[in-house]
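As a plain string of letters, each chain reads:
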Amino acid sequence: MLGAVFLLLLWPWTVIGQEKKEAQSLTVFAAASLTVPLQKITTAYTETGAGRVDLSFAASSTLARQIAAGAPCDIFISADKAWMDHLIDEGLITPENRRNLLGNALVMVAPLDSRGESASEDIQPALNLSPRFGLEGEIMAILGSGRIAMGDPAYVPAGIYGREALMSLGVWMNLRHRLIPTANDRLATMLVERGEAPLGIVYASDSHTSHALRLVAAFPQSSHTPIVYPLGLISDSAAVRDFRDFLFSEKASAIFTESGFQTIEFLSGNR
Amino acid sequence: MGKARLTVFGLSSMEMEAIQLSLRVALWGVAWSLPLAVSVAWLLARGRFPGKILLDGLVHLPLVLPPVAVGYVLLVMFGRHGAIGAWLFEEFHIEIAFTWRGAAIAAAIMAFPLMVRAIRLSLETVDRKLESAARTLGAGPADVFLSITLPLIVPGIITGVILAFARSLGEFGATITFVSNIPGQTRTLPLAIYTLIQAPGGEETAMRLVLISVAVALVALALSELLARRAAARLEA
Chain H
1 MLGAVFLLLL WPWTVIGQEK KEAQSLTVFA AASLTVPLQK ITTAYTETGA
51 GRVDLSFAAS STLARQIAAG APCDIFISAD KAWMDHLIDE GLITPENRRN
101 LLGNALVMVA PLDSRGESAS EDIQPALNLS PRFGLEGEIM AILGSGRIAM
151 GDPAYVPAGI YGREALMSLG VWMNLRHRLI PTANDRLATM LVERGEAPLG
201 IVYASDSHTS HALRLVAAFP QSSHTPIVYP LGLISDSAAV RDFRDFLFSE
251 KASAIFTESG FQTIEFLSGN R
Chain Y
1001 MGKARLTVFG LSSMEMEAIQ LSLRVALWGV AWSLPLAVSV AWLLARGRFP
1051 GKILLDGLVH LPLVLPPVAV GYVLLVMFGR HGAIGAWLFE EFHIEIAFTW
1101 RGAAIAAAIM AFPLMVRAIR LSLETVDRKL ESAARTLGAG PADVFLSITL
1151 PLIVPGIITG VILAFARSLG EFGATITFVS NIPGQTRTLP LAIYTLIQAP
1201 GGEETAMRLV LISVAVALVA LALSELLARR AAARLEA
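Chains H and Y, in that order, are what the protein sequence lines are. Residue 271 is where the first sequence ends in the working numbering, and the numbering goes up by one at each step. Residue 1237 is where the second sequence ends in the working numbering, and the numbering goes up by one at each step.
For the record, the hints were derived by calculation from the structure and aren't laboratory data. Here the structure is a predicted model, which means the values were calculated and not measured. Fair warning: there could be bad hints in the mix.
Some chain Y residues near chain H, calculated using beta-carbon distances under 7 Å [unchecked claim]:
id	residue
1	Arg1080
2	His1081
3	Phe1089
4	Ala1097
5	Ser1180
6	Asn1181
7	Thr1195
8	Gln1198
9	Ala1199
10	Gly1201
Anything over 12 Å on all C-beta distances counts as not near chain Y; from chain H, calculated [as the list claims (entries may be wrong)]:
id	residue
11	Arg176
12	Ala239
13	Gln262
Ideal Cβ positions, reconstructed from N, Cα and C, are used throughout, including at glycine.
Please model the complete structure; the sequences and the hints are all you need to start from.
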């Protein structure tokens, strides 16, 4: 009887040994905002006959902490410099293995049926986002009793950029009490799509790929530090470098652009 | 409950806010679900009707489902555009999503199965002969319930309340998915700890909050144990 219980307790441990045989699969940790394009790119990659690629999406902060705690990961794509710098400081990524992959922009969005218009591609800003006197009043009028959905400015890159932008526009002091801080950027997008939040501050790429969002305004580039997605290698092997190079290839760039990201050619002076 | 601007026991206002919110959410969650829990427990213990197994399964669903899934279903139902949420807002101007009320509902639903089980167990041990005796003496069914059954199941109710309260204090997944993480409204102790460990350098404050959570839980459990003993003593008399 005791022997049976002992065996039962040991059984889960036998599974762990089997994981080492899956040498061919890569693990990529990436910011939540890259979900759509990266899934398409990995499908295209595996279709070329290369090995399997496993993707894990979450806020860059969550992923960086998991990597620092020893999570098995080969490539990390962060939504901001700070978390990549943190991992380099921890010695998990060497500076030579870091490159900037993508850029993005910050926009303010609203749910689609608030106006009943189709296509979120219309770039007719209904709100002029510049540091001017009436801006806060106009935003409050749109909000009514609702809140702005945005990544948590304490740790989500999209939220950090958002706070920066709202500060530079002079509306942070009052608007920070009217936020729904979400755990990652995609949750903010989801809340606006569902109409739970009348406004949201998300990446241009989210607004581009969503069919349920209306673009209200784009934040001026000068209102926040440039949004850059650095890519870093945690483990170095031919397979890892192969996938990394695929991410920089024309095919992948086309998929990124289609999802509303800015690829490396648009970014000036970056390495 | 007003906002604590002064520091009590050396706690910052952020910590006080999280504690007050956690207590408010847990207390109201338990208070709102208690009458329903007693009714459902009574139905499951005594009732004989088609679909009883279904009800039993439904009640135990929050125990089995991942809390995030429960939170998402709540968001769909009680959000501004949800089936129930829209009606509540239009008719009564009650907002549930992104408020402490929503957090209380989330906690209550996750703790409901625990409360029902404890009360049901207690109901099943009540000596039916006492109830029949009361009926033969001329008491109506409501009178029997209130004067005979209810006092006998008080220990079970207290156990259920303690379990539900403890579960509500620790509720995270359903809360953060349904009502998000809004300071002052829904950032209870577990959510505050989660936020702190996400940012570099927040570990120390997070540890403080963990210790505070332990202290709050211990005090609450000690108080309820005291209550349970008093109630048991009164029953003996």
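Outside-interface status for Ala239 (chain H) - nearest CB in chain Y farther than 12 Å = 31 Å, holds
ask   = Once the shortest beta carbon distance from Gln1198 (chain Y) to chain H is found, is it less than 7 Å?
value = Interface hint status for Gln1198 (chain Y): holds (4 Å vs cutoff 7 Å).
request  = Mind checking the CB of Arg1080 (chain Y) against every CB in chain H and telling me if the closest is under 7 Å?
outcome  = With a closest approach of 5 Å, the Arg1080 (chain Y) hint holds.
inquiry  = Next item in the hint list is Thr1195 (chain Y). Is there a CB on chain H closer than 7 Å to its CB?
reply    = Nearest chain H Cβ about 6 Å off; hint holds.
message = Given Ser1180 (chain Y) as an interface hint, is its Cβ closer than 7 Å to any Cβ of chain H?
response = Where the cut-off is 7 Å and the nearest Cβ of chain H is about 5 Å from Ser1180 (chain Y), the hint holds.
message = Min Cβ distance, Asn1181 (chain Y) to chain H: is it shorter than 7 Å?
response = 5 Å, holds
key: Interface hint for Ala1097 (chain Y), Cβ within 7 Å of any Cβ on chain H   = Status holds, d = 6 Å.
inquiry  = For the restraint on Phe1089 (chain Y), tell me whether the closest CB of chain H is nearer than 7 Å.
reply    = With a minimum Cβ separation of about 10 Å from chain H (threshold 7 Å), the hint on Phe1089 (chain Y) is violated.
key: Consistency of the no-contact label for Arg176 (chain H), given chain Y and a CB cut of 12 Å   = 9 Å, violated
inquiry  = Quick check on the hint: Gly1201 (chain Y) CB to chain H CB, less than 7 Å?
reply    = 11 Å, violated
Interface restraint verdict for Ala1199 (chain Y) against chain H (beta-carbon cut-off 7 Å) = For Ala1199 (chain Y), the interface hint holds, since the closest Cβ of chain H sits about 4 Å away, which is under 7 Å.
inquiry  = At 12 Å, judged by beta carbons, does Gln262 (chain H) keep clear of chain Y as stated?
reply    = The assertion about Gln262 (chain H) holds, with a minimum of 27 Å to chain Y.
Going down the numbered hints, you'll see the structure goes against 3, 10 and 11, while the others check out.
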